[in-house]
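Trainee: Model the full structure from these sequences, guided by the hints.
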Amino acid sequence: MTLTPRAYSYFPGCTLATTAVDYDASGRAVAAALNLDLHEVPDWNCCGASFPLSAENVMSFIAPARVLIAAQHAGQDLATLCAVCFHVLKRSDSYLRKHPEAADRLNAFVTEGDYAARVKVRHLLGVLRDDVGWEAVRERVVAPLQGLRPAPYYGCLLLRPQAEMELDDPEAPSLLHDLLHALGADPVGFPRQAECCGSTLLVSAPEANQRLSAAVIDSARSAGAAIVITACPLCKFNLERAQEGRPQAEQLPVAYFTQAMAAAFGLPEHAGPAFRREVAA
Amino acid sequence: MKDSGCTTALVVGAGIGGITAALDIANSGFPVVLVEREPSIGGHMAQLSETFPTLDCSQCIMTPRTVEVGHHENIRLHTYSDIESVRREPSGSYVVRIRRRAAYVDWDKCTGCGVCQEKCPFKVVSLFERGIGPRKVIYTLSPQAVPNKPVIDAQQCRYLQSKWDMEAGRAPAVDKHGNPVTPKCGACAKLCPTGAIDWEQQDRVIEEQVGAIILATGYDLLPVQRLPEYGGGELRDVVDGLAFERLLAASGPTAGKVVRPSDGAVPKQVVFVQCSGSRDPERGVPYCSKICCLYVAKQAMLYKHRVPDGQATVFYIDVRAGGKGYEEFVTRAQEEHGVVYLRGKVSKIYSQDGRLIVKGADTLSHRAVEISADLVVLATAYVARASTAAVAAQFGVAVDENGFLAPGDEEMAPVESGVEAVFLAGAALGPKDIPETVAQASGAAAKVLSLFQQRVAAEAHVTA
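Protein chains in written order, with this note's numbering: chain W, 1 to 281; chain D, 1001 to 1464.
Keep in mind the hints are simulated off the structure, nothing from the lab. Some hints here could point you the wrong way.
Some, not all, of what chain W presents toward chain D, calculated at C-beta under 7 Å [stated by the list, open to error]:
(1) Glu171
(2) Ala172
(3) Pro173
Distance ranges between label pairs, derived from CB positions [what the hints assert, rightly or not]:
(4) Lys120(W) to Ala1368(D): 49 to 55 Å
(5) Val1125(D) to Trp134(W): 48 to 54 Å
(6) Ser174(W) to Pro1281(D): 21 to 27 Å
(7) Leu53(W) to Glu1401(D): 39 to 45 Å
Quick caveat, the model's predicted, so the values are computed rather than measured. Just so it is clear, CB atoms sit at the ideal spot from N, CA and C, and this is done for glycine as well.
Mentor: Below, the structure is given as structure tokens:
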């Protein structure tokens, strides 16, 4: 079967350009394997890193708006990988679409062009489900993850708030489950699959952060998972950090969904250490 | 005056609202046609254990009324029936076609002895018992059913299914020797002392001419499946309020013993979650379901009566106990029965090592709380029946944005539909407890009686 070629604007974001280059590289590789053409947004900047909750301050929307404006010229959907970037860009777009007066004020301060509510912000997971389809993903698999029991970890920012993110039901998500099924794995649901990992509490309340992340790992372990699969570099960082100092036997590796795809697609150079071990074993 | 039907009332729905309205009208000397979808009358009230704030046994206070309906000379009762169509005559009266579904039991012959139910070999999940208990394939809703005549659930009946398979050629009608095969089972027909099982029974359409109509079609609870954060129906020991009523009810599947549905153990830690789907515009319904604060207090109290060393914990947003004796009732639950009230919402319920973990907030102590519970009762939102809109449309009556029946004027004419001679009563208009439902049903009945009296007077004037 030939895959229909599809083109998207692509926003890597700061983390994927620095500490999570493996997420970026594996994302680009599996996208290419599915005939998805990702065009990096020219001259992109940080997405803003957190969605401005004080909405009356329009200035805090400048960072995400500048990205949305830069993507406008290409006329393609804007795909992202980082759950935080997706959250900020999608919600900012949603806010500006609903508040044209805020967009007008903002446009007066941006010199690169006007925000015109023309770009659809997507997460690659949504692209896989809605554009490519699980069947096509399944057909691309050359090394099914047979017997693997991954814990799909959604975290909070990828799905919430549901009405704005428009990706999946945060209380009963199935997106990562469905992807992992298509890759031949046997995903295990677990109670904390869509709970917060602690996010940036690492800075202000490290003990709380440790407690939340450790609870996610313990919840996945007691459900019988062998590995945690995430779509968020911050989640991955927190979950790995929370396990430092644990005996090896009580640790769970954490990997990006794109690395699971790379392993199943026969692209071991992008599968990351956890899956390389898996493949070797 | 001639019985042209213009002083006959139709009451749709025979819960406590419909029953009350029907009796009020019938006791005033006018004929009533009472239509109920279920095999017997009583509605949700028949499922309850005790009522608040008096802790009266629900069956006991209702049975005199259901029995009176069953025997009333002015009431024609059509159970297991739906309204098929409604036509307005030029005279102003309505011609209503009622479809009585095939029960496969001849109720004229049936004496209600119950042998068929006892001997039917097939058990299925009972919706009346809210999935907590089974029923037979030939069944009545309860031992106190009015009428006390069974119906056969054709979809689940071995005999009917094999009979129909043969008739449709899906199964061979003769064996390998060429002898005709008889359908399997048929235990009820073999054992019925009066030969009341009628395998050939068909739906029957009855036409009634009526001069006024009361819609009292009742309510439903938000399905637990709509609350994935509370297990979405996957956790067997997370039940809704009506299911817990069945666990408390002496006539229920456990004869009033409170047990966990999963393993039959007596739960020592029970958590009640108020506003499960209510006051939640994003994921549930925007309005307050009104009855939950009281019935949760009642259920927690009754649980403590049954399991004195058990712990009952209630999560609430705020306690809305407006009504005579209601605030005192909730206070009694807290102070005399030691029910612990935690102000906050539950964010998640999941299963861990055979117990339920209830994660929530206590917003008074500003703490996140986690309770390991044996059983969780969700006070799920009170919602309009899915069928309400279709029934309303048959009569030309409007429904509101939440699917409840909408009177023409909520404030000054709360039981009038805006359609001539069509009145509304009870839970189908929105959340209501039993006293309110009964009061409103009597109000609707009074409107019908006033209309009938005017017609009687006009007739007398013409003939004078």
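Trainee: Against chain D, with CB atoms and a cut of 7 Å, does the hint on Pro173(W) hold up?
Mentor: Pro173(W) check fails; min Cβ-Cβ to chain D is 9 Å, beyond 7 Å.
Trainee: Does 39 to 45 Å hold as the CB distance between Leu53(W) and Glu1401(D), or does it fail?
Mentor: 30 Å, violated
Trainee: Close enough to count: is the Cβ of Ala172(W) nearer than 7 Å to one in chain D?
Mentor: 3 Å, holds
Trainee: For the hint on Glu171(W), does the least C-beta distance to chain D fall short of 7 Å?
Mentor: The hint holds - Glu171(W) has a Cβ within 7 Å of chain D, the shortest such distance being about 4 Å.
Trainee: Is it true that the C-beta distance of Val1125(D) to Trp134(W) lies inside 48 to 54 Å, as the hint says?
Mentor: Given range 48 to 54 Å: violated, Cβ gap about 33 Å.
Trainee: Within 21 to 27 Å: is that where the Cβ-Cβ distance between Ser174(W) and Pro1281(D) falls?
Mentor: The hinted range 21 to 27 Å holds for Ser174(W) and Pro1281(D), with Cβ atoms some 24 Å apart.
Trainee: Using the Cβ atoms, figure out if Lys120(W) sits within 49 to 55 Å of Ala1368(D).
Mentor: Violated, at about 37 Å.
In this structure, the hints that do not hold are numbers 3, 4, 5, 7, in rising order.
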